[in-house]
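So the protein lines, in turn, are chains A and B. Heads up: the first sequence at position 329 corresponds to 329 in UniProt numbering, and the numbers run straight through without jumps. Heads up: the second sequence at position 212 corresponds to 212 in UniProt numbering, and the numbers run straight through without jumps.
It should be emphasised that the hints constitute simulated quantities derived from the structure, not laboratory data. Virtual Cβ for every residue (Gly too), placed ideally from N, Cα, C. You may find that some hints are simply not true.
Quick look at which bits of chain A chain B covers, simulated, 3 or more residues with Cβ under 8 angstroms [said to hold, decoys possible]: (1) 270 to 284; (2) 344 to 354; (3) 361 to 368.
Facing chain B, according to a computed beta carbon distance under 10 angstroms, are these residues of chain A, among others [as the list claims (entries may be wrong)]: (4) Gln48; (5) Thr52; (6) Trp58; (7) Val61; (8) Trp62; (9) Met65; (10) Met66; (11) Ser121; (12) Phe125; (13) Gln251; (14) Ala253; (15) Asp255; (16) Phe262; (17) Lys310; (18) Arg357.
Computed footprint of chain A on chain B, listed as stretches where at least three residues anywhere in the stretch have a Cβ under 8 angstroms from a Cβ of chain A [as the list claims (entries may be wrong)]: (19) 58 to 66; (20) 346 to 360.
Number of protein chains: 2
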Amino acid sequence: MACITIFNPSPTAVPLHHSRGNPKMSLPSTDPLTTAGRFLWGRSLPPQPLITAVRTTWSTVWHLMMRQLAPSSSTGSYSRPAGSFPSIDLALYPPTASLHLYAALSCPWAHRTLIVRAIKSLEPFLPVSIAAPGPDGPWEFPSSSVHAGDLVPGPDRANGRRTLRDVYGMRRGGYDGRSTVPMLWDVDKRDVACNESYEIIKFLNSWQRNADNNDIDLYPSQLQKEIEEWNRIIYPSVNNGVYRCGFAQSQEAYDEAVNALFDTLDTLESHLGTNRYLCGDVLTLADVCLFTTLIRFDLVYYVLFKCTKKKLVEYPNLHSYTRDIYQIPKVAETCNFEAIMDGYFRTLFPLNPGGIRPALPSACKPDVLSKPHGRDSVCSNANNSKLLGHILHQCYNSSRPDEEYVNNEHEEEQCEHTCLMT
Amino acid sequence: MACITIFNPSPTAVPLHHSRGNPKMSLPSTDPLTTAGRFLWGRSLPPQPLITAVRTTWSTVWHLMMRQLAPSSSTGSYSRPAGSFPSIDLALYPPTASLHLYAALSCPWAHRTLIVRAIKSLEPFLPVSIAAPGPDGPWEFPSSSVHAGDLVPGPDRANGRRTLRDVYGMRRGGYDGRSTVPMLWDVDKRDVACNESYEIIKFLNSWQRNADNNDIDLYPSQLQKEIEEWNRIIYPSVNNGVYRCGFAQSQEAYDEAVNALFDTLDTLESHLGTNRYLCGDVLTLADVCLFTTLIRFDLVYYVLFKCTKKKLVEYPNLHSYTRDIYQIPKVAETCNFEAIMDGYFRTLFPLNPGGIRPALPSACKPDVLSKPHGRDSVCSNANNSKLLGHILHQCYNSSRPDEEYVNNEHEEEQCEHTCLMT
Numbered sequence: 001m002a003c004i005t006i007f008n009p010s011p012t013a014v015p016l017h018h019s020r021g022n023p024k025m026s027l028p029s030t031d032p033l034t035t036a037g038r039f040l041w042g043r044s045l046p047p048q049p050l051i052t053a054v055r056t057t058w059s060t061v062w063h064l065m066m067r068q069l070a071p072s073s074s075t076g077s078y079s080r081p082a083g084s085f086p087s088i089d090l091a092l093y094p095p096t097a098s099l100h101l102y103a104a105l106s107c108p109w110a111h112r113t114l115i116v117r118a119i120k121s122l123e124p125f126l127p128v129s130i131a132a133p134g135p136d137g138p139w140e141f142p143s144s145s146v147h148a149g150d151l152v153p154g155p156d157r158a159n160g161r162r163t164l165r166d167v168y169g170m171r172r173g174g175y176d177g178r179s180t181v182p183m184l185w186d187v188d189k190r191d192v193a194c195n196e197s198y199e200i201i202k203f204l205n206s207w208q209r210n211a212d213n214n215d216i217d218l219y220p221s222q223l224q225k226e227i228e229e230w231n232r233i234i235y236p237s238v239n240n241g242v243y244r245c246g247f248a249q250s251q252e253a254y255d256e257a258v259n260a261l262f263d264t265l266d267t268l269e270s271h272l273g274t275n276r277y278l279c280g281d282v283l284t285l286a287d288v289c290l291f292t293t294l295i296r297f298d299l300v301y302y303v304l305f306k307c308t309k310k311k312l313v314e315y316p317n318l319h320s321y322t323r324d325i326y327q328i329p330k331v332a333e334t335c336n337f338e339a340i341m342d343g344y345f346r347t348l349f350p351l352n353p354g355g356i357r358p359a360l361p362s363a364c365k366p367d368v369l370s371k372p373h374g375r376d377s378v379c380s381n382a383n384n385s386k387l388l389g390h391i392l393h394q395c396y397n398s399s400r401p402d403e404e405y406v407n408n409e410h411e412e413e414q415c416e417h418t419c420l421m422t
Numbered sequence: 001m002a003c004i005t006i007f008n009p010s011p012t013a014v015p016l017h018h019s020r021g022n023p024k025m026s027l028p029s030t031d032p033l034t035t036a037g038r039f040l041w042g043r044s045l046p047p048q049p050l051i052t053a054v055r056t057t058w059s060t061v062w063h064l065m066m067r068q069l070a071p072s073s074s075t076g077s078y079s080r081p082a083g084s085f086p087s088i089d090l091a092l093y094p095p096t097a098s099l100h101l102y103a104a105l106s107c108p109w110a111h112r113t114l115i116v117r118a119i120k121s122l123e124p125f126l127p128v129s130i131a132a133p134g135p136d137g138p139w140e141f142p143s144s145s146v147h148a149g150d151l152v153p154g155p156d157r158a159n160g161r162r163t164l165r166d167v168y169g170m171r172r173g174g175y176d177g178r179s180t181v182p183m184l185w186d187v188d189k190r191d192v193a194c195n196e197s198y199e200i201i202k203f204l205n206s207w208q209r210n211a212d213n214n215d216i217d218l219y220p221s222q223l224q225k226e227i228e229e230w231n232r233i234i235y236p237s238v239n240n241g242v243y244r245c246g247f248a249q250s251q252e253a254y255d256e257a258v259n260a261l262f263d264t265l266d267t268l269e270s271h272l273g274t275n276r277y278l279c280g281d282v283l284t285l286a287d288v289c290l291f292t293t294l295i296r297f298d299l300v301y302y303v304l305f306k307c308t309k310k311k312l313v314e315y316p317n318l319h320s321y322t323r324d325i326y327q328i329p330k331v332a333e334t335c336n337f338e339a340i341m342d343g344y345f346r347t348l349f350p351l352n353p354g355g356i357r358p359a360l361p362s363a364c365k366p367d368v369l370s371k372p373h374g375r376d377s378v379c380s381n382a383n384n385s386k387l388l389g390h391i392l393h394q395c396y397n398s399s400r401p402d403e404e405y406v407n408n409e410h411e412e413e414q415c416e417h418t419c420l421m422t
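Build out the structure end to end from the sequences listed, making use of the hints.
Right, dumping it as structure tokens:
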């Protein structure tokens, strides 16, 4: 029976029935470690006690790293660190106020602010400095980059500092908290105006500047209750939910997080079958908050955070909804997939010890995301708030205990680069 | 402007403009390490030199583990260890020969043998013992399992040994190689008959036993050349290709492997649009070999081995082709998704340090795989061998250098459990 060589041992190999002892094998690598291993345990794998010791050490170090860098509850659930800055007082920042935005491209929380800045055409009034992940440390401002537009990592244009930590350190009285993005800087007072992403986008939406799109209201008063209710569903199970999957330190914590995440995605998929946006026919801040997680879903969270039940591309409505928002003028420019992948896969080393960056999923290529979304024809449900009430009722009574909302009260919606907080 | 509490710091938090020093934060975890960390570097992350040291150590240990357990070339490409057993001599095993099959459920190479045994209805003539991953050691035979059929891990029914290594050790002259599945055991001679999966399935296809399906020929002489040519394409870039993605120890090695993998999958997707099976209208060993990789694709390889360009479910023809084979009587019983996921995610600890097993992808649920495949209506291309010649020509002249086939000449198609060889 003929067979090709790749499936057969070499014709010159010692036949099985005559093989004795240790047949020769051509190992490709001949470094000292391999040679020592071959000397010690021959062609077999290392002995079981050695493997057990290495495995135990490896797993213990992982848990120690994760516990230090991604705080967890006693059951191994990730608990986002509390924020320490209150909401921004709009009255303190009149149209004449001079503000500067610090952001980063990989961080979904900072991404929200870049999108609202773009949609509201605030670019002339709100300069931005984009930080990049430094080597194992805080966000840095690369000095040598050629100026290639606003939305690439570059120097700190407000204060000329090298790291974001240095900027935070300029506050009166100093600062020893986490130096997170996004951060809105008060140029006149040389102080942090706010570093909570949701507070910043609400502020930017209301900030009265003579911008081209000043009339676009992403947080209209008649929809505010609905927007907040959507966030109340989406924040714990989706925005932070993907992190709860990826940073879970026990199987139980992961299982709970992944089930809550996909329960909500299933609900959203169904809702978006009859609603162009979360609150019906108009784009709101709730959509911006959902979008920055969805655009990273197939790119990062599915693989690195093990959000594996479905890719976004397997949800037709969620995928076309994401494309719809991606295709809003200037939004695509805020989505830098290279920076996003680098920010997670190269930085979160406990989750990706080899540091290898996966191939870009086909469904995340800009030409796929630019395909017609067909969302214009989605008729929004007239009885939207009644439906939302029903969904809220379902969510509260099924997967997520009320307690979660209490625990999450103080969570940051922001990114400290370094190891885990991207 | 109202906002819900989860997005706001507590109303009792110190307002930003009065905050000084170190505001209190309720960290959920109060273990000694966290306490020590808080004492040493406050609310911030650990200092940069410490993170750098941990990261460097972590990455170095990973490379040491990978180099020892998954041999690589100087460029970081995974090189499957050479096999030491030659092909099986059919003449030595007449219909009266007493043979026993050792297999495991997670291993794609062993899976081939279970499928051919099932399709050819060889169960009455070829008893099987299913090994399970032991704690960091060789394949084990769990003794306490309730007998729940052939295809669950259970005792060694041929020799009553505790581990597969013990069985290999019964060979005259001993054995110090890798104790891999699948392994065909010669009961009379108390020796290994063969442990190369492709050799075993060719043998099982030809073995003349009075089985119900004895007339099914998965390796008909007129198609043997074509089958071998398919294997020559599929083995390096797909069967072993997924391992080359997952075990790559450099970005370059990974990029090369993942491109070769998806180039071939694209080719197969196109070919299967006009051919029900690889060689036209009949199922052959080439399909069996491809199937055991495809059935693990969305389940394991996409995530753990970073085969991220597309899920199988994003390839309509490959997915329906996989369902077609899955629905062949008795094939589904050989596919144990729990065992497959455990075998990879719990065992390959260097790639999954937390040991957390991801949620079963929706597309891998048995009810999805049992949906009508519609492959009956695929008209096979009359000029198949000409097409195959064209595909071969394309493959050889594009992504994979000839050299690869030379290097792979001696590679095993088998699984040693323990750490990496599943």
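For this session: Under 10 angstroms, Cβ to Cβ, is where Lys310/A needs to be relative to chain B, so tell me if that hint holds or is violated.
Result: 5 angstroms, holds
Exercise. Any CB of chain B closer than 10 angstroms to the CB of Asp255/A?
Worked result: 7 angstroms, holds
Exercise. Does Gln48/A meet its interface restraint, that is, does its C-beta lie within less than 10 angstroms of any C-beta in chain B?
Worked result: Interface hint status for Gln48/A: holds (4 angstroms vs cutoff 10 angstroms).
Exercise. Taking 10 angstroms as the limit, does the beta-carbon of Gln251/A come near enough to a beta-carbon in chain B?
Worked result: 6 angstroms, holds
Problem set entry | Supplied contact hint for Ala253/A, tested at 10 angstroms Cβ to chain B | Given a least distance of 9 angstroms, the restraint on Ala253/A holds.
Exercise. Within the assertion that chain B covers the segment 270 to 284 of chain A, do at least three residues meet a Cβ-to-Cβ distance smaller than 8 angstroms?
Worked result: n = 0 at 8 angstroms, threshold three: violated.
For this session: Could you check if Val61/A really has its C-beta closer than 10 angstroms to a C-beta on chain B?
Result: 7 angstroms, holds
Exercise. Do three or more residues of the segment 361 to 368 of chain A come closer than 8 angstroms to chain B, measuring C-beta to C-beta?
Worked result: holds (count 3)
Exercise. Would the hint on Trp62/A stand, with a C-beta cut-off of 10 angstroms toward chain B?
Worked result: Where the cut-off is 10 angstroms and the nearest Cβ of chain B is about 4 angstroms from Trp62/A, the hint holds.
Problem set entry | Satisfaction of the Phe262/A interface hint, Cβ to chain B closer than 10 angstroms | Holds, about 8 angstroms.
Exercise. Within the segment 346 to 360 of chain B, is the number of residues with a Cβ closer than 8 angstroms to a Cβ of chain A three or more?
Worked result: holds (count 11)
Problem set entry | Interface restraint verdict for Trp58/A against chain B (beta-carbon cut-off 10 angstroms) | Holds: closest Cβ of chain B sits about 6 angstroms from Trp58/A, inside 10 angstroms.
Checked against the numbered hints given earlier, this structure breaks hints 1, 11, 12; the rest are met.
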